[in-house]
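Student: Chains A and B, in that order, are what the protein sequence lines are. Residue 204 in my numbering sits at position 204 of the first sequence; the count goes up by one each step and never skips. Remember, my numbering sits 1000 above the position in the second sequence when you count from 1.
Among the hints, erroneous ones may be present.
[As the list claims (entries may be wrong)] Here are the simulated DSSO-like cross-link-like pairs (lysine-lysine), alpha carbons at most 30 Å apart as the crow flies:
{"hint": "1", "chain 1": "A", "residue 1": "LYS39", "chain 2": "B", "residue 2": "LYS1163"}
{"hint": "2", "chain 1": "B", "residue 1": "LYS1023", "chain 2": "B", "residue 2": "LYS1193"}
{"hint": "3", "chain 1": "B", "residue 1": "LYS1252", "chain 2": "B", "residue 2": "LYS1163"}
{"hint": "4", "chain 1": "B", "residue 1": "LYS1163", "chain 2": "B", "residue 2": "LYS1130"}
{"hint": "5", "chain 1": "A", "residue 1": "LYS302", "chain 2": "A", "residue 2": "LYS39"}
{"hint": "6", "chain 1": "A", "residue 1": "LYS39", "chain 2": "B", "residue 2": "LYS1130"}
The set of hints was computed from the structure by calculation and includes no laboratory data.
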Amino acid sequence: MTKMTYRDAIRSALREALRTDPRVFLMGEDVGGYGGAFKVSYGLLEEFGPERVRDTPLSENTFLGAGIGAALGGMRPIVEIMTVNFSLLALDQIVNNAATLRHMSGGQLSVPLVVRMTTGGGRQLAAQHSHSLEGWFAHIPGIKIVVPAVAADARGFVLAALRDPDPVFIFEHATLYPLEGEVDEQAGPAAIGRALVRRSGDAVSLITYGGTLGTTLRAADELAREGVEAEVIDLRTLRPLDTETILASVARTHRAVIVDEGWRTGSFAAEVSARIMEGGFYSLDAPVARVCSAEVPMPYAKHMEDAALPQVSAIATAVREMLVAHG
Amino acid sequence: MIDRAHALVLLRQMMLIRRFEEKAAELYTLGKIRGFLHLYIGEEAVAVGAMQALTAEDAIVATYREHGQALARGIPAGSLMAEMYGKANGCSRGRGGSMHFFDASRRFYGGHAIVGGGLPVAVGLALADKLQARPRVTACFFGDGAVAEGEFHESLNLAALWKLPVLFLCENNLYAMGTALARHQAQPDIRRKADGYGMPSAVADGMDVVAVEEAARQAAAHVRRGDGPFLLELRTYRFRAHSTADPELYRKREEVAEWKQRDPIVLFTARLQAMGILTDADVASLQASVDGEVDEAVGVAEAGPWEAVQDLTRDVYTATP
Chain A
1 MTKMTYRDAI RSALREALRT DPRVFLMGED VGGYGGAFKV SYGLLEEFGP ERVRDTPLSE
61 NTFLGAGIGA ALGGMRPIVE IMTVNFSLLA LDQIVNNAAT LRHMSGGQLS VPLVVRMTTG
121 GGRQLAAQHS HSLEGWFAHI PGIKIVVPAV AADARGFVLA ALRDPDPVFI FEHATLYPLE
181 GEVDEQAGPA AIGRALVRRS GDAVSLITYG GTLGTTLRAA DELAREGVEA EVIDLRTLRP
241 LDTETILASV ARTHRAVIVD EGWRTGSFAA EVSARIMEGG FYSLDAPVAR VCSAEVPMPY
301 AKHMEDAALP QVSAIATAVR EMLVAHG
Chain B
1001 MIDRAHALVL LRQMMLIRRF EEKAAELYTL GKIRGFLHLY IGEEAVAVGA MQALTAEDAI
1061 VATYREHGQA LARGIPAGSL MAEMYGKANG CSRGRGGSMH FFDASRRFYG GHAIVGGGLP
1121 VAVGLALADK LQARPRVTAC FFGDGAVAEG EFHESLNLAA LWKLPVLFLC ENNLYAMGTA
1181 LARHQAQPDI RRKADGYGMP SAVADGMDVV AVEEAARQAA AHVRRGDGPF LLELRTYRFR
1241 AHSTADPELY RKREEVAEWK QRDPIVLFTA RLQAMGILTD ADVASLQASV DGEVDEAVGV
1301 AEAGPWEAVQ DLTRDVYTAT P
């Protein structure tokens, strides 16, 4: 095990893939000469050259579509989109092509495409660089959505995505890049579609993913000081969703609070809540609760952004209120 | 000078497309084919001429008006007709219909119904060839409507920037659905748009199969040499409505009648007859042959099975062993 940042863990996987598989190449805005907008691909241009670490024009739809075409042509492209807000410019290729080609061609075509992008707020970047739209993408059959919350997963999901015959989208919460975690560089791919219990407890299930895992774990620590042991589930993959792990946890705790940085209306938290209703209704002692972002475009000012995002206090409060009302 | 054997191939392919589509239109009115049906009638010389410049190793990306390209590529008519019936023996198992023909074995990558959406995919296929040092061409068909899309400009730029082997084939039939070229383009001379990307371009008469073939061969040779992409504009005209849902309010009957004077099949037939290398008997024999092939295709579609409903979600993802 090595201690390394989330950013370095991704780079470790990219480097390993570039070294071991000649079909792999990187493509995106400023992934080469600039070293990556978030320095994830720093140094890779020097090591692998401009054919395999390709800076693209600001043409998200076309370089994403070129990734699809290159995947059809036998390559294993890794496309980086700078932020999820920019990915909206590529929605045509993502939704109309990447997600459809296999099914629409009657199974003749495979699109082994890997797309990485940053998501989420917390850096005072206001309303065009801060949203969490991975829940939207999870709506779409034909693609897989992974949301690594820790460094080991950040590495493991890149490797897993490259082995997957279908398009895999990796959403990296931008506040995670500098955070350190234990990473086994000998470890292979992480399991797509498998949630993990990050903290055991019996009072309530806190279900989250990505950027809010840390916040949620801190809320659990705070609750523990009050004698409330919360279980924390890290979804890790939004599609396919590991319903079994969610329901097993709720069956033990009988209560669920979902923490999701997306907006509440039509959120991924709503999907998780529905799955609990469908499969775990009779094990519940309280209505499922959600802690989501406020329904506003992300504001710039720090105190306002903090107020818009799920915070430790809001999560702890949601649990306390649930225990008071339905203890 | 046109070689008789090759001329017969070109003529037969155009006649096959014409007959196939007339039959499809008839089957549509009978309810055998549903959804949208975009006919290629009038534009046959474009697909047939352009396809002559491609090898079996080359890739094709086409639009939702792709029956002509699919037939000219050699996808069996029965498999295409079955696809339009929605049958499991269709070229896309009945998942795509008229707008989404696929045949991976013939490197036919659709059948794209988002205008301009095929261009980035073609750029990527060409990138894969370049990275793997394969001397192949990716031919990308699109209409004049697509040049208004951002994807057109982004794709030309990226292909030219990276010197990728893409043959961009613009089928300019003068209308983006119902909007005339001059009403949607500030610069209606489409080939000139390549200038902005430093890409060579040419224009050819899309009603003349020989002219299309010649222009496509030159353009494909440029691409195959590794000299980067090429934009070839083929000026043509669609004789039928945009789709089965179009009452054609946007163009005059006289205009359509005028273009029909330049029917690519009629023109080519007359030319070959004037040259003395095609007889009436030849024409009759070709007609009988394509009629038979289309009848057979209908038979294949009629006899084809429906996909089992329990396979509905098959191939959304690759099956895990």
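Student: All hints, please: hold or fail.
Tutor: Verification of the hints:
Between A/LYS39 and B/LYS1163, the direct Cα distance comes to roughly 28 Å. Compliance with the 30 Å bound is thereby established for this hinted pair. About 37 Å separates the Cα atoms of B/LYS1023 and B/LYS1193, which puts this hinted pair outside 30 Å; it is violated. Between B/LYS1252 and B/LYS1163 the alpha-carbon distance is near 42 Å, which puts this suggested pair outside the 30 Å criterion. This hinted pair checks out: B/LYS1163 and B/LYS1130 have alpha carbons roughly 9 Å apart, not beyond 30 Å.
With a C-alpha separation of about 24 Å, the suggested pairing of A/LYS302 with A/LYS39 holds against the 30 Å cut-off. For the suggested pair A/LYS39 and B/LYS1130, the alpha carbons sit about 28 Å apart, so the restraint of at most 30 Å is met.
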